[in-house]
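Protein chains in written order, with my numbering: chain A, 1 to 443; chain B, 1 to 233.
Heads up, a few of these hints could be off.
Cross-link-like lysine-lysine pairs, in silico, DSSO-like; alpha carbons within 27 Å at most [unchecked claim]:
1. 343/A x 136/B
2. 343/A x 84/B
3. 46/A x 147/A
4. 284/A x 294/A
5. 46/A x 269/A
6. 3/B x 84/B
Pairwise CB distance ranges, derived in the manner of DEER restraints [claimed, not checked]:
7. 14/B x 406/A: 53 to 59 Å
8. 130/B x 429/A: 40 to 46 Å
9. 40/B x 320/A: 54 to 60 Å
10. 381/A x 137/B: 35 to 41 Å
11. 389/A x 14/B: 53 to 59 Å
12. 1/A x 63/B: 26 to 32 Å
13. 66/B x 6/A: 37 to 43 Å
14. 377/A x 40/B: 51 to 57 Å
15. 11/B x 381/A: 49 to 55 Å
16. 66/B x 4/A: 31 to 37 Å
17. 15/B x 381/A: 53 to 59 Å
18. 63/B x 17/A: 47 to 53 Å
19. 406/A x 136/B: 49 to 55 Å
20. 389/A x 11/B: 56 to 62 Å
No lab work stands behind these hints: they were computed from the structure. In this text, a Cβ means the ideal position worked out from N, Cα and C, and glycines have one as well.
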Amino acid sequence: MIGYYISLAMRSLRGTPILSALMIAAIAVGVGASMTVLTVNYMTSKNPLEHKDSVLYAVQLDSWDPNESYNRGGRGNQIPWQLTYQDATALLRSEIPARQVAMHRFGFTVTTDDSQVRPFVANARVTTRDFFGLFDVPFKHGGTWEKSADETPTLSVVLSSATNAKIFGEKNSVGEVIQLNGEPFTVVGVIEDWNPSPKVHDLNNGAFNDSEEIYIPFGLHRKFEIHSWGNNNGWNSGGNEGVTGYEAHLQSESVWIQYWVELDSAAQKRDYEEFITNYIRQQKEQGRFQRPLKFALTQPSEWLVLNEVLDQDSRVLAWCALAFLLVCVVNAVALLLAKFLRKAPEAGVRRALGAGRGSIFTQHLIESGCIGLLGGLAGIVLTLVGLAGIRVLTDDGFDRVAQMDWAMVFAAIALAVFASLLAGLYPAWRISRTNPSVYLKTQ
Amino acid sequence: MLKMQNIRKSYRTDTIETHALRDFSLEVNEGEFVSVTGPSGSGKTTFLNIAGLLETPTGGQYLLDGQEVGNLSDSERSRLRNEKIGFIFQGFNLIPDLNLFDNIDVPLRYRGFNAKERRRRIEKSLEQVGLSARAKHLPAQLSGGQQQRVAIARALAGEPRFLLADEPTGNLDSLMARQVMELLEFINEWGTTIVMVTHDPDLARRAQRNIQIVDGQVSDLRQTIAQPEAAIA
Chain A
1 MIGYYISLAM RSLRGTPILS ALMIAAIAVG VGASMTVLTV NYMTSKNPLE
51 HKDSVLYAVQ LDSWDPNESY NRGGRGNQIP WQLTYQDATA LLRSEIPARQ
101 VAMHRFGFTV TTDDSQVRPF VANARVTTRD FFGLFDVPFK HGGTWEKSAD
151 ETPTLSVVLS SATNAKIFGE KNSVGEVIQL NGEPFTVVGV IEDWNPSPKV
201 HDLNNGAFND SEEIYIPFGL HRKFEIHSWG NNNGWNSGGN EGVTGYEAHL
251 QSESVWIQYW VELDSAAQKR DYEEFITNYI RQQKEQGRFQ RPLKFALTQP
301 SEWLVLNEVL DQDSRVLAWC ALAFLLVCVV NAVALLLAKF LRKAPEAGVR
351 RALGAGRGSI FTQHLIESGC IGLLGGLAGI VLTLVGLAGI RVLTDDGFDR
401 VAQMDWAMVF AAIALAVFAS LLAGLYPAWR ISRTNPSVYL KTQ
Chain B
1 MLKMQNIRKS YRTDTIETHA LRDFSLEVNE GEFVSVTGPS GSGKTTFLNI
51 AGLLETPTGG QYLLDGQEVG NLSDSERSRL RNEKIGFIFQ GFNLIPDLNL
101 FDNIDVPLRY RGFNAKERRR RIEKSLEQVG LSARAKHLPA QLSGGQQQRV
151 AIARALAGEP RFLLADEPTG NLDSLMARQV MELLEFINEW GTTIVMVTHD
201 PDLARRAQRN IQIVDGQVSD LRQTIAQPEA AIA
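Please build the complete structure, drawing on both the sequences and the hints.
Here you go:
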């Protein structure tokens, strides 16, 4: 009977094209507006590290000013988001984590011997070697550098797929040399296209920006006097007595190193927490960490929430969009009621010919569902238009966010069908409860 | 076939209670052709609606084929209506945007027949009313008499044992009315029990028995022609 009801629904829609178009438009506009906002919210709240959510942790230590807690515009857990260089290098000495990454954003001028390739400034990530393993970065050619490069200056570089293509074409560039700030770096690896969105590992520098173009070892700081191209917050610029220049920066209380660890078990996590506790106590004895002992190990999913990647405004906007959909549904209820009651005589005839109330109810609910399905398809088109508008009006970083994936396409149709079924419930119930004899006599 | 005892039906508004039927008792035997007459507002249509399970009586007992139907659920009443009762209305009540084939298909769909069986029955019933060539026509493309014949075909397709006709010739000219009446008599000869409400005394006289309803009660039971013995059995 479902097929029969669907054919009746399509016949009915064709029979009243203007009214049907109005209902489809009402659903489509509501779904289009809702799905535009919901798609952006869905994409921004995605966790690309979901598969490792139970083993990855962002590390925070409260090394901040003893006189006032760390404040990031009212957001977060009042612990600095990043670590000082000295704390990062100290934590790197722990052998407890399965993997650990100290890193920050930087930039290099890239030149090559090939005169066809014009020099360019590349976004770089200065990181320890575990970065690629910890964040599941796939390699196209080669691999990461030796562990010693995390502590001693080693001129190795890993290129992004796009950078490799830009400099070497499709060639495997492992073993080739490129100049970074005039120094020769040997290419040890090329990664596949890798652009997690949002960029959980670095939410400070544009959560939806592209990943870096080159990756260089953490042990190069002193050689190149590398500063962060990202956030650099401090409360006490003085290092140890007699220490000046870049070394003072490395020994300062400035926080600029992002730190992540991979802890494979609860026991490992416990051990690591104990290690950090002991480290902070030790530092307190040396006059640092004057605030109450506080640190945090935060999983990627919580890290996204803590950093308010999906901010409050977006949540409010989503509710507004759903409220708008509700308005559209209410309009659809009125239109459906008018349409169904106009067909009450036919329902009366069907009742006389053996249709039960349930059959009449189902028939009309399916007609509502068909309207929803068509409204959903039209809503997807409107959503795509809305997302294109967002891409035009916002920064490049939103290119990947303002996109509809298949999940959201199905969600749009499901939302439309649900909305139309909701809208159709009362009109279908009304038509199924009408007394057929009234219409049989008067038709 | 049909047995009503002390049936009551009243309609209540905030201020007024109207008794459409009161202590209405009637028995119609298998194979009978009964006409029902009476002045407007006497309760003829209410009787027909209750007989056709479209309305429930306020009180009394109604046995259809020996089964008490007063307390049946909506779905049980719908199933009985679909299987045992055929309707013919004064206004034909064809669904305007369905062609003749699809109109006759409606009760068969609710009956749950497969496509092959439905087609067989539709073609047979269209043939019985002489409209096989018009199967793909819309009702609006037919004359009133033809539309009523389609309505009869639709009622017959489910092979009901009980046919309820509410002024079946009321909207037809005398020639068409005679044709429809002859068709009903023909159907009755096949064994289908018919109860027909009419204002037309000539048509009423053509039935085997005439019932007159006045003020919601049976006032007169007249045998118009001798009943065949088979019908009484």
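Results for each hint:
{"no.": "1", "hint": "343/A x 136/B", "in the structure": "holds, 22 Å"}
{"no.": "2", "hint": "343/A x 84/B", "in the structure": "holds, 26 Å"}
{"no.": "3", "hint": "46/A x 147/A", "in the structure": "violated, 32 Å"}
{"no.": "4", "hint": "284/A x 294/A", "in the structure": "holds, 12 Å"}
{"no.": "5", "hint": "46/A x 269/A", "in the structure": "holds, 25 Å"}
{"no.": "6", "hint": "3/B x 84/B", "in the structure": "holds, 15 Å"}
{"no.": "7", "hint": "14/B x 406/A: 53 to 59 Å", "in the structure": "holds, 57 Å"}
{"no.": "8", "hint": "130/B x 429/A: 40 to 46 Å", "in the structure": "holds, 41 Å"}
{"no.": "9", "hint": "40/B x 320/A: 54 to 60 Å", "in the structure": "holds, 59 Å"}
{"no.": "10", "hint": "381/A x 137/B: 35 to 41 Å", "in the structure": "holds, 39 Å"}
{"no.": "11", "hint": "389/A x 14/B: 53 to 59 Å", "in the structure": "holds, 56 Å"}
{"no.": "12", "hint": "1/A x 63/B: 26 to 32 Å", "in the structure": "holds, 31 Å"}
{"no.": "13", "hint": "66/B x 6/A: 37 to 43 Å", "in the structure": "holds, 39 Å"}
{"no.": "14", "hint": "377/A x 40/B: 51 to 57 Å", "in the structure": "holds, 52 Å"}
{"no.": "15", "hint": "11/B x 381/A: 49 to 55 Å", "in the structure": "holds, 51 Å"}
{"no.": "16", "hint": "66/B x 4/A: 31 to 37 Å", "in the structure": "holds, 33 Å"}
{"no.": "17", "hint": "15/B x 381/A: 53 to 59 Å", "in the structure": "holds, 55 Å"}
{"no.": "18", "hint": "63/B x 17/A: 47 to 53 Å", "in the structure": "holds, 49 Å"}
{"no.": "19", "hint": "406/A x 136/B: 49 to 55 Å", "in the structure": "violated, 42 Å"}
{"no.": "20", "hint": "389/A x 11/B: 56 to 62 Å", "in the structure": "holds, 59 Å"}
Hints 3 and 19 from the list above are not met by this structure, while the remaining hints are.
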